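Undergrad: Here are the chains, one letter per residue:
Number of protein chains: 2
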Amino acid sequence: MSAISFSIEKKIPHSLGRAGKITTPHGVIETPAYVTVGTKATVKSLTPEQLKEIGTQVVLANTYHLYLEPGPELIRDAGGLGKFMHWEGPTMTDSGGFQVFSLGAAFGRRLGKIGKSTKTPKAELSLQEEEKIPLAKINEDGVTFKSHSDGSTHVFTPERSIEIQHNIGADIIFAFDECTAPDASHEYQKEAMERTHRWAKRSLIEHKRGKSAQALFGIVQGGRFEDLRKESAETIGKMDFDGFGIGGSFEEEDLYKAVAWVNRELPEEKPRHLLGIGEPTDLFGAVESGSDTFDCVAPTRLARNGALYTTHGRINIFNAQFVKDFSPIDEGCACYTCTHYSRAYVAHLFRANEILANTLASIHNVYFVVNVTKKIRNSILDGSFFKLKEEFLGKYKRGE
Amino acid sequence: MSAISFSIEKKIPHSLGRAGKITTPHGVIETPAYVTVGTKATVKSLTPEQLKEIGTQVVLANTYHLYLEPGPELIRDAGGLGKFMHWEGPTMTDSGGFQVFSLGAAFGRRLGKIGKSTKTPKAELSLQEEEKIPLAKINEDGVTFKSHSDGSTHVFTPERSIEIQHNIGADIIFAFDECTAPDASHEYQKEAMERTHRWAKRSLIEHKRGKSAQALFGIVQGGRFEDLRKESAETIGKMDFDGFGIGGSFEEEDLYKAVAWVNRELPEEKPRHLLGIGEPTDLFGAVESGSDTFDCVAPTRLARNGALYTTHGRINIFNAQFVKDFSPIDEGCACYTCTHYSRAYVAHLFRANEILANTLASIHNVYFVVNVTKKIRNSILDGSFFKLKEEFLGKYKRGE
Chain A
2 MSAISFSIEK KIPHSLGRAG KITTPHGVIE TPAYVTVGTK ATVKSLTPEQ LKEIGTQVVL
62 ANTYHLYLEP GPELIRDAGG LGKFMHWEGP TMTDSGGFQV FSLGAAFGRR LGKIGKSTKT
122 PKAELSLQEE EKIPLAKINE DGVTFKSHSD GSTHVFTPER SIEIQHNIGA DIIFAFDECT
182 APDASHEYQK EAMERTHRWA KRSLIEHKRG KSAQALFGIV QGGRFEDLRK ESAETIGKMD
242 FDGFGIGGSF EEEDLYKAVA WVNRELPEEK PRHLLGIGEP TDLFGAVESG SDTFDCVAPT
302 RLARNGALYT THGRINIFNA QFVKDFSPID EGCACYTCTH YSRAYVAHLF RANEILANTL
362 ASIHNVYFVV NVTKKIRNSI LDGSFFKLKE EFLGKYKRGE
Chain B
2 MSAISFSIEK KIPHSLGRAG KITTPHGVIE TPAYVTVGTK ATVKSLTPEQ LKEIGTQVVL
62 ANTYHLYLEP GPELIRDAGG LGKFMHWEGP TMTDSGGFQV FSLGAAFGRR LGKIGKSTKT
122 PKAELSLQEE EKIPLAKINE DGVTFKSHSD GSTHVFTPER SIEIQHNIGA DIIFAFDECT
182 APDASHEYQK EAMERTHRWA KRSLIEHKRG KSAQALFGIV QGGRFEDLRK ESAETIGKMD
242 FDGFGIGGSF EEEDLYKAVA WVNRELPEEK PRHLLGIGEP TDLFGAVESG SDTFDCVAPT
302 RLARNGALYT THGRINIFNA QFVKDFSPID EGCACYTCTH YSRAYVAHLF RANEILANTL
362 ASIHNVYFVV NVTKKIRNSI LDGSFFKLKE EFLGKYKRGE
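Protein chains in written order, with the numbering used here: chain A, 2 to 401; chain B, 2 to 401.
Only chain A is shown next, with the shape it has when bound in the complex (with noise of 0.2 Å):
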């Protein structure tokens, strides 16, 4: 019995997509929904009852960040991660997969989750090589890892990832993956992808032993190579999962084609989450290949930076041309920053070093990118996605 529920409300025609309902212990996320992120048990600069404010359904805290800081048994006895900070909605952790090698270790480089793609290739690392790197040491049994904050030696496996989890107790949890570099060769990625399979295995068992109340999702590997995306869909997909994750990078042009050949062969009655991709011109190709949920901190860290969503594209509120500027940062938006101040007065607060540019900035730009996905939550209900998306993107000119 899982703990979760999934509902397929209608499709969109010819396509992936489709809107729904998850219902969790802590509510119900109807689907498309664009998930927060709350890496350390806090969605920077905001408070719960904004982000409600907002819209936002649910939120998703990094396991590696809280293993570290405060503790899994210091959560677990202070209630549980919604408990804890204050969130009363539904919850998700990541597995710590992807931190633990983007921050721990990073095969000497920063992993990201969309890779650009270059003319000249770039020389793919051999398992020999892969493997000196020092700060994070895989083998069957896990990952060796170092912390990124003061340097500690810590060791992550399926099994030790999903007692973490128990503890932060979370209502959608993930199952512990290897996280490939973007440029990792057809031969790496196999053999992460075949580890990751058998780390899903144990995570199930892991789970199952702890007799948790909580939703497991499997995730989905395979790098940029169709063959294993398909293969790992179609093995992640035959396990026991409540639902499932894609991880891993992608190459940025055909990103959702790739989306595309993962959620193919999954199962249509479960729920998928496309881990780490949010930014506004990717919420229709995310959704019409099929995914129902999807997580970003880009929303957020932009907002710090000053970046802000606007129906035209980003806007760098440190530009000159909005020190004077009285109209609201995005023209009819119905958020509270763009309701109640003006570009004039953000771009000060930004000018000024004030910590409130923070809270009104990710105002927004959450605002931005959970209504543009309730909208088309909607467009998938009443018929009219793909107009919505030619709309939106006709006028949203994609930022670098």
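It should be emphasised that the hints constitute simulated quantities derived from the structure, not laboratory data. Incorrect hints may have been included.
Chain copies aren't distinguished; within one or between two, either way the pair holds.
As the list claims (entries may be wrong) - DSS-like mimics (lysine-lysine), calculated; alpha carbons at most 30 Å apart, straight line:
{"id": "1", "residue 1": "K84", "residue 2": "K45"}
{"id": "2", "residue 1": "K22", "residue 2": "K375"}
{"id": "3", "residue 1": "K84", "residue 2": "K53"}
{"id": "4", "residue 1": "K325", "residue 2": "K84"}
{"id": "5", "residue 1": "K138", "residue 2": "K84"}
{"id": "6", "residue 1": "K45", "residue 2": "K325"}
{"id": "7", "residue 1": "K147", "residue 2": "K325"}
{"id": "8", "residue 1": "K212", "residue 2": "K325"}
{"id": "9", "residue 1": "K231", "residue 2": "K12"}
{"id": "10", "residue 1": "K212", "residue 2": "K271"}
{"id": "11", "residue 1": "K191", "residue 2": "K375"}
{"id": "12", "residue 1": "K239", "residue 2": "K12"}
{"id": "13", "residue 1": "K376", "residue 2": "K388"}
Keep in mind the model is a prediction, meaning the values are calculated, not measured.
Following the hints, position chain B against chain A.
TA: Coordinates of chain B only, in the frame set by chain A:
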């Protein structure tokens, strides 16, 4: 015709203290009232809605800071301070005098509100010596100073301060004054005070010339000398101000004796604002010595450093004992932070350097001071002021 009106509701027997009401164009201030400081047109880390929920009645912004950024003309064009920052209640601006001397000039040292008296008398600077300090040059016309942020040179005169405050547009503004160092000689204090009196007259003339609908408060100076304080209160008290500010530095141990010197001279029927005072232990003395309102950055500044008020004194939330403490910051406190979060969570946010730490801590500290002040007001109305004072100060251990 004054832009504000003041009525006394009840007095504390055998003292200068009273409860009253200041009616402004943006609402009533029930006194005694703690005025929350919003230096740069924002109370650091708090939205106006959070301030309202806390019970803040009035916000004071700093003329010096707003003059430097974003500039008074911009705030005027935005519709004035309240509209610019989306604070619908009453507002104040100081004259910029204190900051010109403490940030722009500082007489070669930091000018604080309360001087700690020392056993060995400090060297008294002669007028010549003080005038040698290059950052602020005082003459009869006004003060030439360098910006603390970029070193650029500016001139404040009484007329300029009033013009800037007219543009900023707060409900209550202050005459331009000279703030002296706490250990300045009687000779220098007298000279500075007399100049402040001439500047007060010029401020009044400029204010009337501008036909502003704002209320103008005159500032009493005179340092730590009884004869000067009385002379200043008498001189300023006779001028046609809407209310009065008590400025400058005091010796810590006889602060309220000195405030009482002033308030015994000032006309009883006009409101009195004590500039730069507002820590919990200061509230009773400020009120008893006849102050109706007072402002202080300490509650918010301390909050951002993790120093939190409790009924038993200040705690440092970084202390190890709070890491696993699931009780609220102050047991029985009805603020948003205490009713929704544990010390453990707030400690986690501070240790993780999370922005929300500032917000939650500031909400608590401002609420604490606002709430004690409200209790003081009620105790004046029901005749239990001295009982409350004894109870509160009996429990509260003063922090360092």
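Undergrad: Pop the pair K191 and K375 into one bin, within, between, both or neither, using alpha-carbon distances up to 30 Å.
TA: neither (37 Å within a copy, 68 Å between copies)
Undergrad: What label fits K45 with K325 when the C-alpha limit is 30 Å: within, between, both, or neither?
TA: Both ways: K45 and K325 sit 28 Å apart in one copy and 22 Å across, limit 30 Å.
Undergrad: Give the relationship of K138 and K84 under a CA distance limit of 30 Å: within one copy only, between copies only, both, or neither.
TA: neither (35 Å within a copy, 57 Å between copies)
Undergrad: Tell me, please, which holds for K231 and K12 at an alpha-carbon limit of 30 Å: within, between, both or neither?
TA: within (22 Å within a copy, 81 Å between copies)
Undergrad: With identical chains treated as interchangeable, where does the CA-CA distance between K147 and K325 reach 30 Å or less: within a copy, between copies, both, or neither?
TA: between (47 Å within a copy, 25 Å between copies)
Undergrad: At 30 Å max between alpha carbons, let me know whether K84 reaches K53 within a copy, between copies, both or neither.
TA: both (15 Å within a copy, 26 Å between copies)
Undergrad: Which holds for K212 with K325 at a C-alpha limit of 30 Å: within a copy, between copies, both or neither?
TA: Classified as between: cross-chain Cα gap 26 Å, same-chain 59 Å, threshold 30 Å.
Undergrad: For the identical chains here, do K239 and K12 meet the 30 Å Cα criterion within one copy, between copies, both, or neither?
TA: within (23 Å within a copy, 79 Å between copies)
Undergrad: Please work out whether the CA atoms of K84 and K45 approach to 30 Å or closer within one copy, between two copies, in both situations, or in neither?
TA: both (17 Å within a copy, 27 Å between copies)
Undergrad: Regarding K212 and K271, is the shortest C-alpha distance of 30 Å or less found within a copy, between copies, in both, or in neither?
TA: Answer is within: at 21 Å inside a copy they meet the 30 Å cutoff, but 70 Å across does not.
Undergrad: Quick one: K325 to K84, C-alpha cut-off 30 Å, is that within a copy, between copies, both, or neither?
TA: Answer is between; shortest inter-copy Cα gap is 15 Å, intra-copy 42 Å.
Undergrad: Within a copy, between copies, both or neither: where do K376 and K388 come within 30 Å Cα-Cα?
TA: within (11 Å within a copy, 60 Å between copies)
Checked against the numbered hints above, the structure violates hints 5, 11; every other hint is satisfied.
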